[in-house]
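Residue numbers (my numbering), protein chains in the order written: chain A, 29 to 270; chain B, 484 to 705.
Check the hints yourself; a few may be wrong.
In silico SDA-like links for lysine to any residue, alpha-carbon gap of 25 Å or less [unchecked claim]:
| no. | chain 1 | residue 1 | chain 2 | residue 2 |
| --- | --- | --- | --- | --- |
| 1 | A | K184 | B | K697 |
| 2 | A | K96 | B | P624 |
| 3 | A | K157 | B | D600 |
| 4 | A | K96 | B | V608 |
| 5 | A | K96 | B | K697 |
| 6 | A | K134 | B | K697 |
| 7 | A | K102 | B | K697 |
| 8 | A | K102 | B | D601 |
| 9 | A | K96 | B | N613 |
| 10 | A | K157 | B | E605 |
| 11 | A | K102 | B | V608 |
| 12 | A | K134 | B | F615 |
| 13 | A | K184 | B | V608 |
| 14 | A | K134 | B | V608 |
| 15 | A | K135 | B | R617 |
| 16 | A | K102 | B | I604 |
| 17 | A | K96 | B | F615 |
| 18 | A | K184 | B | I604 |
| 19 | B | K697 | A | G159 |
| 20 | A | K134 | B | N613 |
| 21 | A | K134 | B | P624 |
| 22 | A | K135 | B | K697 |
| 23 | A | K135 | B | N613 |
Computed spacing ranges between beta-carbons, pair by pair [unchecked claim]:
| no. | chain 1 | residue 1 | chain 2 | residue 2 | range |
| --- | --- | --- | --- | --- | --- |
| 24 | B | F615 | A | D89 | 25 to 31 Å |
| 25 | A | P63 | B | K643 | 31 to 37 Å |
| 26 | B | I524 | A | P80 | 44 to 50 Å |
Rough simulated footprint, nothing fancy, chain A against chain B, three-plus residues with beta-carbon under 8 Å [to be verified]:
| no. | stretch |
| --- | --- |
| 27 | 598–604 |
| 28 | 610–624 |
The set of hints was computed from the structure by calculation and includes no laboratory data. On a predicted model such as this, the values are computed, not experimentally measured, just so you know. Backbone N, C-alpha and C fix where the C-beta goes; we use that ideal spot for every residue, glycine too.
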Amino acid sequence: MIEFKHVNKWFGKLHVLNDVNLNIAEGEVLVICGPSGSGKSTLIRCINRLEPIQRGEIIVDGVPVHDKKTNLTKLRADIGFVFQQFHLYPHMTVLQNVMLAPVNVKKMSAAAAEEIAREKLIQVGLTDKAGAYPIQLSGGQQQRVAIARGLAMSPKIMLFDEPTSALDPEMIGEVLDVMVNLVSEGMTMCVVTHEMGFARKVADRVLFMDFGKIIETGRPTEFFDNPQTLRAADFISKILTH
Amino acid sequence: MLDDFNFRIIFEYLPLFLTGLRNTFFISIVSIMLALMTGTIACACRISSIKLLKYPAIAYIEIIRSTPLLVQIYFLYFGLPTLGLRVPEIQTGIIALMLNSGAYIAEIIRAGITSVDDGQIEAGVSSGLNYFQRMRFIILPQALGATVPPLLGQAIVLVKDSALLSLISVMELTRCGQTMTSERFMPTEAFLTVAFFYMCIYFCLKSLADWSQKKLIFREAY
Chain A
29 MIEFKHVNKW FGKLHVLNDV NLNIAEGEVL VICGPSGSGK STLIRCINRL
79 EPIQRGEIIV DGVPVHDKKT NLTKLRADIG FVFQQFHLYP HMTVLQNVML
129 APVNVKKMSA AAAEEIAREK LIQVGLTDKA GAYPIQLSGG QQQRVAIARG
179 LAMSPKIMLF DEPTSALDPE MIGEVLDVMV NLVSEGMTMC VVTHEMGFAR
229 KVADRVLFMD FGKIIETGRP TEFFDNPQTL RAADFISKIL TH
Chain B
484 MLDDFNFRII FEYLPLFLTG LRNTFFISIV SIMLALMTGT IACACRISSI
534 KLLKYPAIAY IEIIRSTPLL VQIYFLYFGL PTLGLRVPEI QTGIIALMLN
584 SGAYIAEIIR AGITSVDDGQ IEAGVSSGLN YFQRMRFIIL PQALGATVPP
634 LLGQAIVLVK DSALLSLISV MELTRCGQTM TSERFMPTEA FLTVAFFYMC
684 IYFCLKSLAD WSQKKLIFRE AY
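One chain only, chain A, in its complex shape (with noise of 0.2 Å):
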């Protein structure tokens, strides 16, 4: 579904990047940790081209990403990203936001557009905060109502860049609830997260990232237990002594 061939890239001197060689399967779900700065954001924004690569191929469901023929608009609309900050538009209600871009991208008449949003707003569980907006609603709140206008789309992937960093710790259960329904669902999934926890739940499989470079990757049960390489155990270590 998504495959990453020798992919380099570089922010200035610092090479963001290094090598990267990756393969994911339809309804696989790969969580993706290392310490901050290793690149693990970088390397999902890439696969929908909110960031360029410098050398090698993002091939994404056949098509091939960073590409200056590829229609971004179609490739974008069948990728769901959920952000750290929510990013939700202040000015328009929940359901405004959900509907936004089934509206406007895929052309659906209003009707057909809110339909979808109330389904996925069940989905997420917020179907009495429809007209509310954004700042009326909690972290975890606002974080649901972003997954649900990325699913609004009927995505075939759906990225998270650390969604549950920015939350109150009550918060993160919530959001993870509605993503571990994803899972089942059978949506292939790309998460950035070191919630542990979700990883050995339903990942099927954990890749360590370190300097731009996968260190290691296993299955979570493996990784968090057996750390192969002594960076990955470091980096363990520490995310689990407190």
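Fit chain B to the given chain A structure using the hints.
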């Protein structure tokens, strides 16, 4: 001091002041409308990635902002006729105010646009919205709300700047004060009256600004 303050003469000159008020009002309204158009176009060019639009816009904005309005007025007043364009004073004044405020308005709108969080733009990009859709649905509704108070501030500045047109003998409020002073030699009465009328216009615009704060800016929802 107020012993010899002459109210009678103010009433005697009231028709002249009302003409001045009307002219100041007319010049300001027309100039601010034209400046809004100029500013919007200049801003659109300024943020464009097309160099042929971007650099002339930068040049225009920087030249206007780095020179005094009075110099710009004199340049147009004395300069245009030498270029073979004979324009009446009042039109010259309107052109000067339009060009001057246009540059500031371009920057005000640009500030509004850049104030919209990059993250929202990325959210729009990643859901497949194109440039114009992002402008139309995400950026402009928020940017315009944020620019209303500074735009009204600029309108107030423009009204007061129109006093400079007295120097190219446009019969606006300040010029009326000067006329009365030279005819009757009563500058205190003349310019207090002038100041009073400017204050009236100012408070009208200010209440408009306060009202728009409540109405026009997108409701932050409570």
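Results for each hint:
no. : hint                        : result
1   : A:K184 to B:K697            : 43 Å, violated
2   : A:K96 to B:P624             : 31 Å, violated
3   : A:K157 to B:D600            : 23 Å, holds
4   : A:K96 to B:V608             : 17 Å, holds
5   : A:K96 to B:K697             : 46 Å, violated
6   : A:K134 to B:K697            : 35 Å, violated
7   : A:K102 to B:K697            : 40 Å, violated
8   : A:K102 to B:D601            : 22 Å, holds
9   : A:K96 to B:N613             : 16 Å, holds
10  : A:K157 to B:E605            : 24 Å, holds
11  : A:K102 to B:V608            : 12 Å, holds
12  : A:K134 to B:F615            : 15 Å, holds
13  : A:K184 to B:V608            : 17 Å, holds
14  : A:K134 to B:V608            : 14 Å, holds
15  : A:K135 to B:R617            : 15 Å, holds
16  : A:K102 to B:I604            : 18 Å, holds
17  : A:K96 to B:F615             : 20 Å, holds
18  : A:K184 to B:I604            : 22 Å, holds
19  : B:K697 to A:G159            : 21 Å, holds
20  : A:K134 to B:N613            : 12 Å, holds
21  : A:K134 to B:P624            : 22 Å, holds
22  : A:K135 to B:K697            : 34 Å, violated
23  : A:K135 to B:N613            : 13 Å, holds
24  : B:F615 to A:D89: 25 to 31 Å : 27 Å, holds
25  : A:P63 to B:K643: 31 to 37 Å : 57 Å, violated
26  : B:I524 to A:P80: 44 to 50 Å : 31 Å, violated
27  : 598–604                     : holds (count 3)
28  : 610–624                     : holds (count 8)
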